[in-house]
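Visitor: Okay, here's what each chain looks like letter by letter:
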Amino acid sequence: QLLSRAEPSLTQQTTSASRAVRTRPLKKALSDLERRFGVSFAYDDQLVASRQTSVVPEGASLEEALLQLLRPQGLRYTKIKEKLFVIQPAETPAAEAPRDAKNDMAGTIPSAGVLTESALAAVAPQVKRISGQITDETGQGLPGANVIEKGTNNGTNTDANGNFVLNVSDQATTLTISSVGYVSQDVAIGNQTTINVQLVPDNRTLEEVVVIGYQAVRKRDVTGANAVINPTEANRVTAQSLPESIQGLSPGVTVRNTGVPGQQASIQIRGVASFLNTEPLYVIDGMIADANPTINTDDIESIQILKDASAAAIYGSRAANGVVIITTKQGKEGPARVSFTGKYGIQQAYKRWDVMNASEFAALQRTQYQNSGQTPPVSVAEGTFNPAIDTDWQDQVLRTGSLQDYNLTLSGGTKTGRYLLSGSYFNNTGYVIGSNFNRASLRINTRNEFGRFTFGENVVLTNSNVQNQPIGTNPIYDMAYNLPVIPVQDPSYISPTNPEGYGIGSINSISYAYNPVAARNLSSNRSNFARLVGNAFLEFKFADWLSYRFNAGLDASFDYTQNLRRVGVYQYNAAPVPSSINEDRSRFTSLLFEHTLNFNRTFGLHNINGVVGISQQNTRRDVTTGGRTNLAFAGGQYLPTIGAASGIATSAGGTPEYYRILGYLGRINYTYNDRYLLTLTGRVDQDSRFGPNYRTGFFPSIAGAWRISEEKFFNVDWISDLKLSASYGKLGIVVPTLGSFPYTAFINNNPRAIFGDGQTANVGAYQAQLANPNLRWEERIQQNYGLTASFLNNRITAEFNVYNSLSSDAILNLTVPGYLGNLRGNPYVNTASIRNRGVEFSATYRNNENAFKWDVSGNFTTIRNRVENVGNQGQDINYIVSGNTRSQVGNPVGQWFVLKTNGLFQTQEEINNYRGPDGSLIQPNAKPGDIRYEDANNDGRIDVNDRQFVTSPWPSLQTGAQFNGSYKNFNLNVQLIGIFGYTVYNDIRRILDSYQNTNFRRDISPWTPNNTDTSDPRLGLEANDQGIISNNLAYSDRWLENASYVRVRNIELGYNLPKTLTNRLNVRGARVYVSGQNLFTITKYSGLDPDVTGANIQERGVDNGHWPTPRVISLGINCDF
Amino acid sequence: CDRNLDIVNPNQVTTQVFWRTADDALVGVNSIYSTTHRGGISRWMPFYYIIRSDIGWSQSPDPGILNNMDRFLISDYNYGNAYSVWNDNFIGINRANQVIANVPTIQMDETLKQRYIGEAKFLRAMFYFHLVTLYGNVPLILTPSTVGDRPSSATIQQVWAQIEQDLTEAIPALPATYGGADLGRATKGAAYALLARAYFQQRKYNESLTPLQWLVEGDGRSIYALVPNYRDNFLITTENNRESVFEWQFAENPAEYTDDDTETPNHNYGTSIAQFFGPQSIGWSDGECRRWVVREFYEPTTTGARDPRVAASFLFDSTDVRGPAFTQIYGRTFLERYGANNQRVWFRKFQNDHWKNEEGYRSPNNWRYIRYADVLLMYAEALNATGRTAQAYPFVDRVRQRAGLAPLSTVRPGLSQEQFLNQLKHERVTELAGEGWRWNDLARWGDLGPQLAVRDPGFANFQQGQDELLPIPQTDRDLNPNLVQNPNY
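Going down the list, the sequences are from chains A and B.
First residue of the first sequence? That's 16 in this note's numbering, and the numbers climb one at a time after it.
First residue of the second sequence? That's 374 in this note's numbering, and the numbers climb one at a time after it.
Calculated directly from the structure, the hints in this document are not laboratory data.
All figures in this text were calculated on a predicted structure; none of them were measured in a lab.
Warning: the hint list may mix true and false statements.
Claimed, not checked - Restraint ranges, calculated between C-beta atoms of paired labels, are given here:
1. B/A826 <-> A/T390: 52 to 62 Å
2. B/D693 <-> A/N841: 50 to 60 Å
3. B/A713 <-> A/V959: 46 to 56 Å
4. A/T752 <-> B/T541: 46 to 56 Å
Where a beta carbon is used, it is the ideal one built from N, C-alpha and C, also for glycine.
Sequences and hints are given; from them, build the entire structure.
Guide: Structure representation (structure tokens):
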């Protein structure tokens, strides 16, 4: 072993013990200093092992003490970095002894006899002396790096300045240079005698420290399933919110995007195990606060996703859906540094519905009316069809949107104080008219050390504005099926209820689509969120191994939403509404106070570290809403205030959120000889949202790991690290939508008793709705089994996890028997059970040895979701229903439950032959060209009882892949996503292909006696034609489509401006890049985007006018000044 | 920092802070009365007591009403309107249970407290009376409901015993009368009358004598009397008169939009029964009267006129004795509306044609739940049943004479016990038709059976041993397997 941290032993607990001895091992003396000054020494064990010292360097500074100790020994020290000193011989020897190469590479704790016989033998034939310097990424000498003659045990390590000298054999062709934290590199020797190598830092090294909640540990010591997402990768995607930026980057994390500006992408970790809440918990710089679009993704320095019980149990009752830990960028030691990033992009919906123009539509609708024996309406009839009206509603709705993202950061610091100040602005002008999101944010972080104290804060202030479609409208629907023969605006439509004459269809051209332009102009919905999220902390170091931290967090948000309605209608036959304004104002505050003690001690081969603490969070939201009809209208415009309106006023207010959580948390990590790892984690949470008997919960977990590669018997050269791990634990989840008082019984004061001569109403009051005082958080038992490995000198790293989580008390509102006399809705009960099982795999291969450096990573996930129990739904009912889905015991949550179609009837004979067991016609109203349905229950007719389970809305496989390559100043990043084996219910196509009051797809090919080779049924009107009505049944598999897709999520090509240029420009470094987001999607799905977020948890695969993820082309620049 | 986890909900009053004051007790009791506005009780229950009996029938276009409420063709044990009767009575019971459980702990005037508990017990007994006479073997729930309660079915005897106990306990706590603003609350007399009726349905005539005697010969004699004009029992202007023993109080709320009295204060304070019994083109005409009932009024008055109760009770071609051309149906003559040959008969008692020419869902006309005339006839029936036929005559006579008929003691003296009972059956039909007691009368007399098909063809489907009771809703049995289905369902 070349470098080792000195290990304090039990005998050295007090300095008085060392005074008593005249001489003592040098190693002990050094250990004392380490403890006393809180520093670490790195030295060659061989160099120090046998040395004794009588020097007792009392009262001296560290530097003096070291000099006193080392000079008599012929040793010297060099300060490598803060708190790390390397101890070396005073004179660099001419040649270093060869070393045991295997131990070098892994950088592990030493085993004793490092100089083997064979190693000594290898020294003999050395004939060539090579010297040189190994430098780090900044060009500074890298001490302690290993330099080895490849294929032998012959090697040395660099001195404090990164210099080395090594004698190699004549045959030697290659040197392998490695250092902890850097990517190993092979260098050809050739004729050189001087070899200088600059190592590239390894961002994903096993030595990486990860934040696992209240504690930071080496990633190699982690026993739980903990995904570290590289924010550099995440930030290549221009995203409004964190979840959107990490799609495909980590296995087990399902992200589904939306193109709605200001709306958060959907994120689910390892499936869904609740019918009511699938949101993970977010922790931002230690503050438990939602990472919604008001948080700037550019501020993020690291993202950790805690996926299993061992990782997440420290967050107890809120962690069952996983925890996303975000730390923001911090200042670094060094002179003030200014950096700027700017990005400008354009965005577009990459696909449109291919629907008919006016004349094509008119021709086909004429045919449709003729097929049904009816006279076509004048809008499309020969002679009256007006070709001047040809509205492309998609042109009216869609536009080229834009994205702008600018960040300016000032940071710097000294040894004891660091700061970062950044301002940023993000703007997304949506690709749909009337949609916009912008966010300005200001971030301040500082960190100061003062003796044993460290204190600092992370604060972000953001101001976000969202402008969106009026509530209840979705132009993505309207633009697809509104009729091209309806004008956007036309004087002929002007009436008192439609003063601006918007085209809303008429009896001659019926469409129930909203006129999306009218909706956007007549109604507006905008919100503002002014938010502050941050924390301040104070740390006190009792000893090298024990520190205390007080953390105070605040999340405060002032939200405002305004809905404005002007006079006018935007739909055929819509009832006119008065102009109105409604305003919601809400104030949210969440305060967090935490006291934690961190400890970390090593005893010989034993290391024990951990944290204990208490946490308290108080959350409250107060809401006031008001509104009034009949806006004042003056000077050609509306006065958009309640005060100016004159109609019916409404107001309401309340405190929808008001709760307090107390937590008592602890974690112990124990490591023996770096080989056996054990983690015990537990949190006791008390939550005011549950009744006194269910207010306290204990959420424990246990995890263990075994680093097989450290075992003596393990002797596989190409495997550099291999760790097996397993975890088991219990986590909770709260359902916030049930409010802060879900267990309490309310008094309903609406009843009225009539008494007296005057027959007057007297107030009555009682508890109308049954409350469930036993309501509690949902709990989940999670198991995880993992395998982490690195191969070929860490060039390949891989991680494989198998998980199994079971919720046994998921909350549902169960139907209650009538004899309980319940009113106002069924009470919520912890009763259902859902299991999620799956495997996750990720692997990375790096090749940094040549000028063309590249790495490629890939991951995949499977999720098997299964409902185990839905509680007492009544005899023989083992499912719950939502839309066209059933969540039935034995099947996944929200499995499609619809009629199965079986082609088209081609002839009347086929219809006549399609008979039930009693001989009656199964589809007596069908005509040739109509859809044939399966009579699943074989009762001779088609109805809701023939629905059956069909394909799944759950992907069988979710994958992601990333490629990074760099050559000289150019670099390229490619991100791919592949989702396979799931179906989506295409609700827009359901409308289009119903043929009723809708435009037509241009490529339909309706069945006719002369056009039988088609899947599109015959064209006709529903009126008086049961066959056509049956073709359009919403509960059939006709609208389910295979939505598997592969998408090029992002391609980014960057160029680092050369030094010669940057020097001239007076910048330290600059990079320009161009990126294309969502450039290609390969899918059979006929809708706009197969990556739908669904209608709700149970209807995850419904495309109900999902706003497709846009294509974004952007240009960006990053500069450091 | 504040570490208290008992956070008071600022948005709504919770049970944690309720049931503390006398006012809480008062509004708690009021909520029980409010139950009678609910559709299951004020609209659909009369269908089961009236339309299902032999005096009523249905020509509704809704086959559910026809089959379930008239023709004994019940295929769906969760039939929605039956379920609402079941559910609404249990809603009332849940309200009463909350008062009975919580009011005793309130510090307040003891007399008033006992009165509130008494009112709650009276009303709980009333709801169970409905359930036991319609459904029979129902679960007996006497404490506030909690999620997951899975009681077993009680026997009919157990339900009756509870009704008797509740009423017996209510009687001493209830005042004989209320003044002014409290008019309409349950009185001692109401509890006595309901207790007598509970005994009656069990054919415990001897036990029924005590409560009936209080009403007829005891304190009740100075409180109650027959109003001179029979029709005054059914007008909105003469509600809560001296003949009224207990009425469901209804008022019109023009702002209402729902029958659910917990959804909003703007619910229906009235009843929609008038809309559902209303004659064709006025109301839905979903339930109407059999023609034979009109023919029961064969006795002329002592002055030779037609029994005035005919016109007060029915709308038909001869509501005006002069015939369809003179009979006014909501402002137009019967002839105009239906022609001369329409034989339909509609119940008139709780309709509003005396003050407007339309109906609606908000009828404010109080449902006369127990009238003193009924009490007098019950007393006579009890005396007759206990072998005191001669003593029973005067009480029948009081009812007959108010209608202008000759005393029974003059017209039909010296009837045997059986003859007297048969006479009483006639008297009860003519006095009480359309007031909701026919089904229980038939049940008590043992007259339910297919033989009634001669005057009500719906009874052709009547299965003895089954159709006396309705099926226990399957939904509740699915959720609670401890509930036993009624025989032969």
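Visitor: All hints, please: hold or fail.
Guide: Hints and how they fare:
In this structure the supplied range 52 to 62 Å holds for B/A826 paired with A/T390, their Cβ-Cβ distance being about 54 Å. As the Cβ distance of B/D693 to A/N841 is approximately 52 Å, the hint placing it in 50 to 60 Å holds. Under the hint 46 to 56 Å, the C-beta atoms of B/A713 and A/V959, about 49 Å apart, fit the expected range. Distance hint for A/T752 and B/T541: a CB-CB separation of about 48 Å, consistent with the stated range 46 to 56 Å.
In summary, this structure violates none of the numbered hints.
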